[in-house]
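For this one, chain P is given, so just place chain Z on it according to the hints.
Chains as they are written, first to last, in our numbering: chain P, 17 to 202; chain Z, 31 to 422.
Just to be clear, a hint being listed does not mean it is correct.
As a list, the in silico SDA-like pairs of lysine to any residue whose alpha-carbon atoms are at most 25 angstroms apart [said to hold, decoys possible]:
1) P/Lys145 with Z/Thr312
2) P/Lys145 with Z/Glu96
3) P/Lys37 with Z/Asn292
4) P/Lys37 with Z/Tyr290
5) P/Lys78 with Z/Thr95
6) P/Lys182 with Z/Ile325
7) Z/Lys88 with Z/Tyr74
8) P/Lys169 with Z/Thr308
9) Z/Lys174 with P/Glu26
10) Z/Lys192 with Z/Lys208
11) P/Lys32 with Z/Ile100
12) P/Lys33 with Z/Val169
13) P/Lys33 with Z/Arg291
14) P/Lys82 with Z/Ala164
15) Z/Lys304 with Z/Leu317
16) P/Lys184 with Z/Lys208
17) P/Lys184 with Z/Glu294
18) Z/Lys48 with P/Met159
19) Z/Lys97 with P/Asn57
20) P/Lys31 with Z/Gly217
21) P/Lys182 with Z/Lys239
22) P/Lys32 with Z/Thr156
23) Z/Lys48 with P/Glu160
Think of the hints as simulated: they come from the structure by calculation, not from any bench.
For clarity, every value in this text was computed on a predicted model and none was experimentally measured.
Single-letter residue listing:
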Amino acid sequence: MNVTDDHVLELVNLKKKDGYKYLYDSFFPSLCRFSYRITKNISESEDLIQELFVRMWKSDVKFYSKRSLVAYLYLSAKNASLNALRNNKFDNKSENPELKQLNVANGDPSIQQIMVEEEVHRQVYMAIKALSPERRNIILMSMEGLTNSEIAKVIGVSINTVKTLKLKSYRTLRDSLRPAFYTLFF
Amino acid sequence: MNEFLQGHTIAEIILAEKERPLTEKEQQQLEEWFRQDSRNYLLYEKLKYGENLSQSLKDLGSYNTEKAFIGFQNKINQTKTRKLNHILVRVAAAAVLLFGVYYFAHQQFVAIDEEPLQQLAINPGTSKAILKLADGTVVNLENKRTEFTESDGTTISSDTNKVVYQPNKKRVKQRQLKYNTIEIPRGGEYQLTLSDGTNVWLNSETTIKYPVVFAENKREVFIEGEAFFDVAHNEEVPFIVTTADMTVQVLGTAFNIRGYRNEETATTTLVRGKVNVTSTTTDQTFLLKPSQQFITEEGNSAVRQVDVNQYIAWKEGRILFEDNTLKEIFTDVARWYNIDVEFANPALEELRFSVDVKRYDEINEITKIIELTKKVKFELTDETITIVNFKN
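Just chain Z, with the same shape it has in the complex:
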């Protein structure tokens, strides 16, 4: 076995031992490894007691991974451009040759079409989701109609854009809740009907974890990303949504929740009904009324009055911004069209625009509108959009 395949196995075993007794096979693999080198046992002891761990973690945290990744992107883009240039040179050479032939054949009878440069089409997101069952099985729900049964008898069916949980009629008492997880990649969206009938719209780059069948005293789900909830009314069993920064408790209502790991601000926007929102960082609780939004940023929380339409537009099939910064607009756009966005200069991030287009249009519907203002221009390649000053 390759030394690193073995190394990986050993690392997993050492981690596993923290939680459960090892299987006989794992024990053997570990002992075999001890026999290979007398110092392996010493290392094992060291790792078991977390020696050096704290220093390592600090060290790992000191690397600027974001910057390194930007460097990586630049390097691979250079390669692409070079390749493209190479092809363009050859195309141009061929064109010159053809043009020459044409010219001589037809003397001065030459017409050049002024065709616009062909625009690259960047397509919007589509329905896609990855479902992970309680036993770890992974099901890709993209464009798929399926129906199957979880181990507790719950029927799970999907029809290309929505997955529905139908609890087993003969309800078996459960000792432990079984959780499923749905992940929506960038450029994806999906709908989910939970076992209590609550409808959830899931936006791009979102993960939701929920019990196949809810507990008897509460209905709790965990979310990262953005989702709209239309909660089935049940006064006896509260519905709780938990994100990294807040916990929302409701009885029956409709609201939008947004808490992406890579965004500083998290929000809960109430459309109807009543909810209690608690900030995880400060433990403060707020009662929201319709059209109010709870907002938390770097540990500070507040409630404000908003136009809810803007916050639920995504689920209505629109991209709607009213006087938002380019940064805000393009954070969402990048997620939905699954592209990277770069600003040629940071001052551009703060320019404000309004946009109202259909979510299923191509991206140039948005860029066209903004370019009309003659403040910025967009340069599109297949995976990146660069925003530059209009006069350049």
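Extracted from the complex, chain P is given alone in its bound form:
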């Protein structure tokens, strides 16, 4: 059960901390990863995303759909990351950093491809995060290929309990992920 999109947009537009808390919970890790995949610098990518949210808070930007909010966040993260590349350690400043960093011929993904992958994984992550810690654990373990009896041993319950918890979790996942992703986990 999540806050509705409209409600979130309103909170973000009104510069409410609750709205930004929601943005952090939903987007911070994914945007950091997105930025990291462009800059290849873990600590810098986190700083960039942190600054992105501070700038956004100070700006007058307003959103009228979840879509535009999502696109705005990735676009700002892209610009911030490319700027950082441009200003930083890159010896040859005249070179377009986008081309340099993401060498298409080498088979590196395009920035849009990175975004699509991060966005798909983000939505799955949010759905799993909404589960109780125990159920979340079970889902993560089974995704890593552990069998029910192995999971049962790790957390010290019966196999049947694992099965029930798994089933319940999948049901919740199916409810909360509008475009459901649960088939992936079987």
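Showing chain Z alone in chain P's frame:
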């Protein structure tokens, strides 16, 4: 189209495909995207089969979002303080100038009023709720009198602090239950009468999901947050409340249930009647008698005897604590007054106090009482309350 608007659409389509066949339009959008870059199809295949997913999820979970958010708050507060200082400097300069003029005009005839610094008023919560209908329509119920009909003929009416479900008299057999959801934001409360006549009081930051009309063999609702239930008696159709950590099954009774996602402890407190509570994590079941409380924390469950008044005070319009820690007290206070609370030092969280005030008073009714003990002081800004040592 902006590359990320398109990217978002594509991500949604890939997720949707896991559950249902794609529409023709979605199929076209996907194919158009494949044509744009030959590697897009490879990515699509990768995502479809969940390649890299498990590693990504682990990675996403390793970020400390809480800490990052605290950093964010500090940064934006700094900016605010700086702005405020700037204004204060100008006000002070103007005041000095005015004072000078005044002084010369009246020679030594100057009286300075010792007015106390103006207190910031932090107002309590009010009735507000967001209702989501089965078809996804969202209705804001704050200060609104409305009446409308769900698709199955159920009448839904609201009068500023309560929403009532009145089932269609000619009962149509349903194949599938239709669910509505009500969300109460921080600083809000609302009442709900379900289609069977059960009354529910909903506290701040609470979400409830319930069928517009109940099934014939059971009445089941889902909740996150805090609510008080006065269940309409019906021995044949059990009433079931499910939260993340427990399931409560009743026939007709009154009880308070509390299970916030961001709190480690979840409780069910029985006022009258009888209920069965089952812990979701351990599957253990307990039978509660009036004045007993089921409590679960990190997978451990127990039943204890309590003074129920403290647990249902919120619904009676009171804030009542008896020898509780500041942390416990201010978790609730923050939720109701919709503010953030910070402790200058973690040891303060464990200090114990008793409070008994009206829920609709301003926040300083609470802070005044606690400050009388001369153990802690409160520093208020518009959205944050900082608790500090009294001697500072």
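Hints, one by one, checked against the model:
Annotation: proposed proximity of P/Lys145 to Z/Thr312 holds, straight-line Cα distance about 20 angstroms (limit 25 angstroms). With a CA separation close to 14 angstroms, the supplied pair P/Lys145 and Z/Glu96 stays within the 25 angstroms bound. Distance hint between P/Lys37 and Z/Asn292 is fulfilled; the C-alpha atoms sit about 13 angstroms from each other, no more than 25 angstroms. This hinted pair checks out: P/Lys37 and Z/Tyr290 have alpha carbons roughly 16 angstroms apart, not beyond 25 angstroms.
As the CA atoms of P/Lys78 and Z/Thr95 are separated by approximately 23 angstroms, the hinted pair is consistent with the 25 angstroms bound. Distance hint between P/Lys182 and Z/Ile325 is fulfilled; the C-alpha atoms sit about 24 angstroms from each other, no more than 25 angstroms. Pair hint Z/Lys88 plus Z/Tyr74 holds up; C-alpha atoms about 21 angstroms apart against a cutoff of 25 angstroms. Only pairs whose Cα atoms come within 25 angstroms are accepted, and P/Lys169 paired with Z/Thr308 is accepted, the gap being roughly 23 angstroms.
Of the supplied pair hints, the one linking Z/Lys174 and P/Glu26 holds, its CA atoms being roughly 18 angstroms apart against a limit of 25 angstroms. About 21 angstroms separates the Cα atoms of Z/Lys192 and Z/Lys208, which keeps this hinted pair within 25 angstroms; it holds. Between P/Lys32 and Z/Ile100, the direct Cα distance comes to roughly 14 angstroms. Compliance with the 25 angstroms bound is thereby established for this hinted pair. At roughly 23 angstroms between alpha-carbon atoms, P/Lys33 and Z/Val169 fall within 25 angstroms of each other, so this suggested pair holds.
As the CA atoms of P/Lys33 and Z/Arg291 are separated by approximately 18 angstroms, the hinted pair is consistent with the 25 angstroms bound. Distance check on the hinted pair: P/Lys82 and Z/Ala164 sit about 20 angstroms apart at the alpha-carbon level, within 25 angstroms; holds. At most 25 angstroms may separate the alpha-carbon atoms for a hinted pair to count; Z/Lys304 and Z/Leu317 meet this at roughly 7 angstroms. Restraint check: the Cα-Cα separation between P/Lys184 and Z/Lys208 comes to about 20 angstroms, which is no more than 25 angstroms; the hinted pair holds.
Distance restraint check for P/Lys184 and Z/Glu294: the Cα-Cα separation of roughly 20 angstroms lies within the 25 angstroms cut-off, and the hinted pair is therefore satisfied. As the CA atoms of Z/Lys48 and P/Met159 are separated by approximately 16 angstroms, the hinted pair is consistent with the 25 angstroms bound. A C-alpha spacing of about 19 angstroms is found between Z/Lys97 and P/Asn57, which places the hinted pair at or below 25 angstroms, so the restraint holds. In summary, the hint linking P/Lys31 to Z/Gly217 is supported, as the alpha carbons are separated by about 16 angstroms, within the 25 angstroms threshold.
Taking the CA atoms of P/Lys182 and Z/Lys239, the gap is near 22 angstroms; set against the 25 angstroms cutoff, the hint holds. About 17 angstroms separates the Cα atoms of P/Lys32 and Z/Thr156, which keeps this hinted pair within 25 angstroms; it holds. The straight-line distance between the Cα atoms of Z/Lys48 and P/Glu160 is roughly 20 angstroms, inside the 25 angstroms bound, and the hint therefore holds.
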